[in-house]
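What follows is the residue order along each chain.
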Amino acid sequence: MDVKLETAQKVPAQRTVHGISINADLTTGPYFIDGCDTLPKLFRNRCEALGERTAHREKDYGIWLSYSWADYYRHAKLIGLGLLSLGLKRGEVVSILSEDNKEWIYCDLGIQSVGGIGSGVYTTDSAAQLKYLVNDSDSRFLFLENDEQLDKYLEVADEMPGLTKAIVFDREGLHDYQNDNVIFLDELYALGREFEKQNPNRFEEEINKSDPDDICVLVYTSGTTGQPKGAMITHSNIVYSLSSGLIGAPTFETDEQICFLPLCHILERLFSGFAPLASKATLNFAESPETVFDNLQEVSPHTFVAVPRLWEKIYSRVTILVGDASPLQRWAFNKAIAAGRGKAACELAGDPVPSGVMTSYKIWDALVLKNLRRMIGMDRMRRAGTGAAPISPELLEWFAAIGVPVLEGYGMTESGGVMTYNTFDDNKVSTVGPVVEGAEVRIAPDGEIQYRGGNVFKGYWNKPEKTEETFTEDGWLKTGDVGHIDNSGYVSITGRLKDIIITAGGKNITPAEIENKLKFSSFISDAVIIGDKRKYLTALIMIDQENVEKFAQDRRIPFNDFASLCARKEVQELIGSVIEEVNKDFARVETIKDFRLIDVLLTAEDEELTATMKLKRGFVEKKHKTLIDSMYGGS
Amino acid sequence: MDTNTTDAVLNLKNVESYYGPIMAIRGASLEVRKGQVVTVLGANGAGKTTLLKTISGVMDPEKGQVMLHGAEIQGMDPDRVVRKGIVHVPEGREIFPLLSVAENIRMGAYIRNDRADISVDEEMVYSYFPILKERRAQMAGTLSGGQQQMLAIGRGLMSRPSIMLLDEPSLGLSPLLVSEIFAIIRRLNEEQGVTMMLVEQNALVALRVADYGYVMELGRIVMADTAENLENSRDIQEFYLGKQEESQRGQRRWKQRKTWR
Chain A
1 MDVKLETAQK VPAQRTVHGI SINADLTTGP YFIDGCDTLP KLFRNRCEAL GERTAHREKD
61 YGIWLSYSWA DYYRHAKLIG LGLLSLGLKR GEVVSILSED NKEWIYCDLG IQSVGGIGSG
121 VYTTDSAAQL KYLVNDSDSR FLFLENDEQL DKYLEVADEM PGLTKAIVFD REGLHDYQND
181 NVIFLDELYA LGREFEKQNP NRFEEEINKS DPDDICVLVY TSGTTGQPKG AMITHSNIVY
241 SLSSGLIGAP TFETDEQICF LPLCHILERL FSGFAPLASK ATLNFAESPE TVFDNLQEVS
301 PHTFVAVPRL WEKIYSRVTI LVGDASPLQR WAFNKAIAAG RGKAACELAG DPVPSGVMTS
361 YKIWDALVLK NLRRMIGMDR MRRAGTGAAP ISPELLEWFA AIGVPVLEGY GMTESGGVMT
421 YNTFDDNKVS TVGPVVEGAE VRIAPDGEIQ YRGGNVFKGY WNKPEKTEET FTEDGWLKTG
481 DVGHIDNSGY VSITGRLKDI IITAGGKNIT PAEIENKLKF SSFISDAVII GDKRKYLTAL
541 IMIDQENVEK FAQDRRIPFN DFASLCARKE VQELIGSVIE EVNKDFARVE TIKDFRLIDV
601 LLTAEDEELT ATMKLKRGFV EKKHKTLIDS MYGGS
Chain B
1 MDTNTTDAVL NLKNVESYYG PIMAIRGASL EVRKGQVVTV LGANGAGKTT LLKTISGVMD
61 PEKGQVMLHG AEIQGMDPDR VVRKGIVHVP EGREIFPLLS VAENIRMGAY IRNDRADISV
121 DEEMVYSYFP ILKERRAQMA GTLSGGQQQM LAIGRGLMSR PSIMLLDEPS LGLSPLLVSE
181 IFAIIRRLNE EQGVTMMLVE QNALVALRVA DYGYVMELGR IVMADTAENL ENSRDIQEFY
241 LGKQEESQRG QRRWKQRKTW R
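Line order of the protein sequences matches chains A and B.
This note's numbering applies: residue 1 is where the first sequence begins, and numbers increase by one.
This note's numbering applies: residue 1 is where the second sequence begins, and numbers increase by one.
In case anyone wonders, no lab produced these hints; they're calculated from the structure.
Where hints are given, some of them may not hold.
[Claimed, not checked] Simulated coverage check for chain B against chain A, where a stretch passes if three residues somewhere in it have a Cβ under 8 Å from a Cβ of chain A:
(1) 23-36
(2) 56-68
(3) 142-148
The C-beta atom is built at its ideal place from N, Cα and C for all residues, glycine as well.
Can you build the whole structure from these sequences, using the hints too?
What follows is the structure, given as structure tokens:
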């Protein structure tokens with residue numbers, strides 16, 4: 001109790017935002033949310049106050065089951081104490097290799113409550129990558145989801161000497177499994193219970209010990225080149241990120257939200273892992289990334305954050321559906337979209353909506369758009385977000401037209417997940433919004449976006465020289481992105497600094513600008529522009545399977561598997577026409593002279609793709625070298 | 001896939017078929033060349049049987065073309081399709097149980113009127129299936145499952161088809177009978193030059209006899225390659241041939257993600 005009182009005295013001036021108290025001045029720390037300056041304290045505060053209220057839901061054999069804040073606390077506590085009994089010390093790392101589920105967040109909060117540091121590993125990572133991540137982070141323990149991940153661990157178990165134990169969540173298929181280095185989660189819970197009997201107040205004491213400058217999580221950046229680096233994120237970073245989010249992008253305690261992107265990624269970790277601790281909203285775990293559309297319908301969330309890929313998928317699902325509808329339905333749909341666009345255009349321009357436009361919108365909304373929103377599970381959507389990759393402005397306008405406000409934001413692992421975001425009242429499509437309150441953003445002479453704020457990370461785990469490279473001499477975070485800021489402070493991003501192509505002719509080109517234009521075609525899911533030290537630019541294209549298949553079907557272009565689809569002359573011509581169209585927007589030296597399609601259907605397991613399904617330039621250039629060379633006369 | 005080859009017996013282009021409101025085939029394109037055995041693999045509900053039914057005219061495609069020797073035949077009634085030269089040996093045999101074996105065989109020639117040749121073909125069928133000759137007077141319904149399958153194939157041969165569609169000839173048969181029937185299928189192909197399209201869940205036997213194969217999943221063709229390459233593909237081995245890489249624990253319950261490469 002004394003500790004609590006002591007901190008209470010240090011709390012700087014507060015203000016209340018949507019019922020939650022945060023710092024009045026966000027330019028300097030220490031930062032507090034409802035009197036808590038670390039996540040474990042906030043976690044305890046919420047669990048005590050909310051008790052039996054539902055904290056999250058998970059689907060089990062087709063039924064949504066609810067779990068309370070008290071369950072949440074109890075399980076996190078047993079995990080934390082169990083790890084202590086096995087010898088975890090403050091400041092040591094524990095890795096988690098699992099799909100999103102409640103145990104993931106139990107572990108995350110359990111680990112950091114006792115002073116440990118949670119580090120997520122993607123389930124799509126290979127055994128070799130797992131080994132690297134565990135060894136690089138000096139992990140003492142490793143949580144594994146199931147037998148599949150256990151097998152991955154066993155493949156490299158001998159090469160991870162720092163690990164004390166691996167702990168498996170799910171016993172399915174492993175009932176008679178024996179291994180001295182492996183225990184199951186229920187056994188860890190039992191250890192925790194035993195430890196609790198001996199040390200009844202230990203968990204709370206450990207929470208009291210948490211300091212805002214402690215590292216709470218380690219988030220590995222995918223790293224398009226070189227090995228991944230573990231970004232050290234402190235409690236203070238997250239409390240700042242959450243505070244600044246509460247101001248312009250609030251979630252309310254009555255909100256339902258969905259967790260489906262990997263929790264290893266800073267975006268989902270912040271939005272699903274930590275934001276509900278501040279907002280008290282209810283989290284729903286999607287069964288799998290593949291079922292997210294069904295889960296959206298079932299949950300109908302109030303807030304939702306996704307990557308552009310997912311918004312594109314929803315859009316193409318609806319267009320395909322409408323394409324197969326009756327002429328009358330199609331007519332009504334187009335009228336409704338037009339009415340929605342009319343209203344959205346006024347709102348976006350900041351003008352009052354004329355009553356005629358409003359009436360037309362209301363009629364079509366009642367007739368068509370409302371049903372459409374219900375169909376895609378967005379009838380209660382108050383605020384949707386998109387990030388982690390650029391999104392087409394046309395797509396945002398389409399969603400605005402159907403009454404789903406999707407707002408773009410920008411952040412990176414090293415900035416605690418958020419730097420800028422658009423708000424509902426002041427949205428500028430094709431910008432990523434103004435910098436968050438209390439932080440600053442500037443453009444360096446070479447065009448790089450640089451950032452300073454309360455959520456700038458502490459550095460890379462065991463890599464001081466890499467950390468140093470990430471900061472300017474005067475202490476600003478180098479984002480590595482190139483962009484500009486308009487008169488009213490809205491940031492636009494044009495590309496990555498290190499991706500800048502210098503052609504043989506000496507011209508500097510930002511490939512992302514061209515790639516984004518290409519990606520905005522519904523037929524192209526991703527593209528990589530090639531041309532560094534080459535005579536001209538070329539492109540490697542990953543087509544959008546669903547839309548190109550639909551294109552081929554509608555035009556009776558025969559194909560069977562993915563490779564044969566890519567090989568069709570008509571498909572090549574289709575992509576060629578998209579490229580020609582995009583070429584018109586650019587100067588001669590920036591036009592694409594040739595292209596090739598990547599004719600294998602890539603999955604998240606492929607090293608060419610990031611966890612958010614973006615192509616990694618470095619790997620693509622290496623893996624498809626012959627394809628690239630063939631566009632330059634084969635030499 | 002080159003669709004302009006002249007020796008293609010059967011050609012499907014962008015076929016879509018519905019079972020009521022459900023799209024069972026979502027745009028299938030494939031090709032069977034003269035003298036080839038082409039197999040279509042897939043799990044239950046992948047759309048394999050629907051595909052055969054669409055070819056033989058039992059079902060009409062919503063979109064797309066079915067071409068026999070380059071001429072469109074989609075939407076034709078099944079009896080016309082048989083006259084054009086496609087014979088469908090359906091799943092579960094479906095012979096005439098109350099007719100004799102010999103009568104069943106002769107039924108297969110009902111579209112022909114060249115009596116002398118019919119008897120020659122009858123003898124040919126009996127030479128491949130000696131057991132049927134032995135039981136020619138017996139009621140077909142009293143035959144064993146394997147014999148009924150032989151009868152169904154034999155009956156199909158009697159119309160001298162340009163292509164024979166076989167729907168799961170291995171269904172419900174003992175391993176011994178399966179290998180016997182597939183040996184005959186191979187001989188028919190090699191000695192009589194019968195072009196065949198073979199739908200199977202038993203991937204191993206199908207790939208051993210086939211020249212080329214397609215893999216269907218949820219109404220789509222996800223893979224197309226020579227039978228040999230298919231047999232060596234990681235996904236086919238794991239999902240259709242039941243082979244698994246040895247895991248550290250010596251047993252494995254989980255499945256790899258399919259990539260169809």
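So is the segment 56-68 of chain B in contact with chain A by the C-beta rule, three or more residues under 8 Å, or is the coverage claim wrong? Check passed, 3 qualifying residues.
Three-residue Cβ test at 8 Å for the coverage of the segment 142-148 of chain B by chain A: Since 0 is below three, the answer is violated.
Are 3 or more residues of the segment 23-36 of chain B near chain A, judged by a Cβ distance of less than 8 Å? Check passed, 5 qualifying residues.
The structure is inconsistent with hint 3 alone, although it conforms to all the rest.
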